[in-house]
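Colleague: Letter by letter, the chains look like this.
Protein chains: 2
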Amino acid sequence: MKNKEATLMGEDLLEAFRKTKYKLGGNGPRTVQVLEEAFSEVDGGTESDFYGKGKLIDDFQNKMADFLGKESAVFFPSGVMAQQIALRIWCDRKGLQTVAYHPTCHLEIHENDGLKELHHIRPILLADKDRLISLKDLEDLKEDISCLLIELPQREIGGQLPDFHELEKISSYCRNKGIRLHLDGARLFEVLPYYQKSAAEICSLFDSVYVSFYKGIGAIAGAILAGSTDFTEESKVWKRRYGGDLISLYPYIVSSNYYFDRRIGKMGQYYEEAKKFAGFYNSCHAVSTLPEVPVSNMFHVHFSVPLEKLEPLLIGVYQATGVGLTGYLKSLGNGGCSFETNIGDLYEDVPEERKREAFKLLDQKLSEIIG
Amino acid sequence: MKNKEATLMGEDLLEAFRKTKYKLGGNGPRTVQVLEEAFSEVDGGTESDFYGKGKLIDDFQNKMADFLGKESAVFFPSGVMAQQIALRIWCDRKGLQTVAYHPTCHLEIHENDGLKELHHIRPILLADKDRLISLKDLEDLKEDISCLLIELPQREIGGQLPDFHELEKISSYCRNKGIRLHLDGARLFEVLPYYQKSAAEICSLFDSVYVSFYKGIGAIAGAILAGSTDFTEESKVWKRRYGGDLISLYPYIVSSNYYFDRRIGKMGQYYEEAKKFAGFYNSCHAVSTLPEVPVSNMFHVHFSVPLEKLEPLLIGVYQATGVGLTGYLKSLGNGGCSFETNIGDLYEDVPEERKREAFKLLDQKLSEIIG
Chain S
1 MKNKEATLMG
11 EDLLEAFRKT
21 KYKLGGNGPR
31 TVQVLEEAFS
41 EVDGGTESDF
51 YGKGKLIDDF
61 QNKMADFLGK
71 ESAVFFPSGV
81 MAQQIALRIW
91 CDRKGLQTVA
101 YHPTCHLEIH
111 ENDGLKELHH
121 IRPILLADKD
131 RLISLKDLED
141 LKEDISCLLI
151 ELPQREIGGQ
161 LPDFHELEKI
171 SSYCRNKGIR
181 LHLDGARLFE
191 VLPYYQKSAA
201 EICSLFDSVY
211 VSFYKGIGAI
221 AGAILAGSTD
231 FTEESKVWKR
241 RYGGDLISLY
251 PYIVSSNYYF
261 DRRIGKMGQY
271 YEEAKKFAGF
281 YNSCHAVSTL
291 PEVPVSNMFH
301 VHFSVPLEKL
311 EPLLIGVYQA
321 TGVGLTGYLK
331 SLGNGGCSFE
341 TNIGDLYEDV
351 PEERKREAFK
361 LLDQKLSEII
371 G
Chain C
1 MKNKEATLMG
11 EDLLEAFRKT
21 KYKLGGNGPR
31 TVQVLEEAFS
41 EVDGGTESDF
51 YGKGKLIDDF
61 QNKMADFLGK
71 ESAVFFPSGV
81 MAQQIALRIW
91 CDRKGLQTVA
101 YHPTCHLEIH
111 ENDGLKELHH
121 IRPILLADKD
131 RLISLKDLED
141 LKEDISCLLI
151 ELPQREIGGQ
161 LPDFHELEKI
171 SSYCRNKGIR
181 LHLDGARLFE
191 VLPYYQKSAA
201 EICSLFDSVY
211 VSFYKGIGAI
221 AGAILAGSTD
231 FTEESKVWKR
241 RYGGDLISLY
251 PYIVSSNYYF
261 DRRIGKMGQY
271 YEEAKKFAGF
281 YNSCHAVSTL
291 PEVPVSNMFH
301 VHFSVPLEKL
311 EPLLIGVYQA
321 TGVGLTGYLK
331 SLGNGGCSFE
341 TNIGDLYEDV
351 PEERKREAFK
361 LLDQKLSEII
371 G
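Going down the list, the sequences are from chains S and C. Start counting the first sequence at 1; every next residue gets the next number (full-length UniProt numbering). Start counting the second sequence at 1; every next residue gets the next number (full-length UniProt numbering).
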């Protein structure tokens, strides 16, 4: 019953994490309060959007098009839907059902092969799963593609980023070769402080852009797909085909707009806090972060001790200090384990002393284990 | 500039309709208040659903499975998504990408050919667009199909229904022939009073069932797909492929549940009111309803006068009586025009005298026109 034990242990860690007074990651629990806060100042007489039309959706789409520096933007219920559609449009235009993306691309590992099953598009996996796509990977590509998808930051490897200059070279290469460049910007807002660029400057390198509102922004759900008007108009046809053109999307639009306004100006703070937070982890024995110095509000934490030993240790730290670090752990092939963390509103509210105390105890317990 | 004039006239009618004090159709405007009312008694600490899991979504899915008499139910953001997926599953199981449905089926006329573009499923159109599908249409079918979709009531022809006995015969025929029967029950709740059957009794004739929560129920958006557990589990795989497996669907689930509880017991009242309402129309010159006697809360109103003449006439009635009948008209090929109406909460609040006054004036003005 190994599986059952593992599950039970996982539930214990989650339970202990939930009970902590101070959580260092995120914006707090995803409760109905998130919606209620977003709607607290909205007049009850405000008219719903209506199958993608109306002032409420138009205003937000225009605001996002401006922010991203694109001609037009369309609100989607999800990024899964928006991105598959973007790739389909670029493939149709070129008449070639081949694209390229990173081996850990969301479309490859989190969407039950929707791109392949619904569109029969063949993805070529560029780079290897532990590093970013480089210009050289593109140059070495033996066959033509309709579209290259680049994810900024590359979430599954801790949220890493290419140099901006490398990105510019990739963009130029694609334009010269007639390859469309699509941005998976699920966490684009979170990397603006590192790049020291506006969203529009980054997006100008791409033909189409997807951004999400429930990662760093912390809204309920929702996505924007932006590009030229002919592109976004075509995406609306597909949005209806997918069943994403709901009679009312306003619960997501209103909350996306509310939390965008509330948090877009905090991305610099999250980034600075993430660097300090990673510093705490890297000061401990048997712990390292990926990347070592974060380039956004997120990073991965790697432990060179097995999950079975780390779980009770973490629970001990939570119970002794009231500080929670993670509710889950993932076993790694190398005998260690890891989890992903990200900075949101909660970090700043935890007293510095509490953080120091928690990491001191964590380091002490880890030292004991590794002897 | 004929088109522009037509549009302006349409806007005038809509504007005049909006200004009326008494609207005879629907549940009132689709404003943010619809959401705020649904959430007014929900505790802010209630946890969101999480990618299709959690108590909030489980409870509603179980409640709907019970109500529909099916083993299992899955909440979808839209019926478009749910129904395409249902047909895809039945086609995959039989290894035959052919289905049959009515020429006015939602999948055929309102979804930008999503079924064909995303699944390459070929629909055979049964019956003709002005009448219901009968057992004979099925018997006359020259080739095998994986699935027959039946819509109850058939919305685009005024919300007509087959006899229940005919439905039973169609169901038996399908079972004998190895054809899956899918119910487009967008307005299923609305026909229970006419059939004098429980939803479960009707659904027992079908292998899979879709119901909607923003028609008669009047919620924000959302759908349920129900069937055997192996079927619904497979639908969840596709729900993720479509990008419908949102991190949070609770804005739709909470409102669907709230308005279901509030209105499911009123369907009998809506049905009785619809019959009286249709009677008012049928008592006027140059007006007839389809069906003549409604079998649900909805029907179509047909005028044998052209749209251009009817619009100013209706505006006059609205302004003189304060009673609003419709905000749009659709030209018909025969020189007349029509609109769709449905009974919701508003009808009962309009004083009987006002209704009589409005229809008396409507009849008088129509008599003058037709001379």
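Read the hints as simulated data drawn from the structure, not as lab findings. Some hints could be false.
It does not matter which identical chain is used: a pair holds within one copy or between any two.
Claimed, not checked - Simulated crosslink set (DSSO-like; lysine-lysine; CA at most 30 Å straight-line): (1) 53 x 330; (2) 94 x 266; (3) 19 x 365; (4) 365 x 276; (5) 53 x 236; (6) 129 x 236.
Colleague: All hints, please: hold or fail.
Modeller: Cross-check of the supplied hints:
1. When the C-alpha separation of residue 53 and residue 330 is checked against a cutoff of 30 Å, the pair qualifies only between copies, where the shortest distance is 20 Å, while the shortest distance within a copy is 43 Å.
2. Taking identical chains as interchangeable, the C-alpha atoms of residue 94 and residue 266 are never at most 30 Å apart, the minima being 40 Å within one chain and 54 Å between chains.
3. For a Cα distance limit of 30 Å, the shortest separation of residue 19 from residue 365 inside one copy, 21 Å, qualifies, whereas the shortest one across copies, 71 Å, does not.
4. Proximity of residue 365 and residue 276 under a CA criterion of 30 Å is satisfied intra-copy only: 21 Å inside one chain copy versus 77 Å between copies.
5. With identical chains, the CA atoms of residue 53 and residue 236 are at most 30 Å apart both within one copy (11 Å) and between copies (29 Å).
6. When the C-alpha separation of residue 129 and residue 236 is checked against a cutoff of 30 Å, the pair qualifies only between copies, where the shortest distance is 28 Å, while the shortest distance within a copy is 33 Å.
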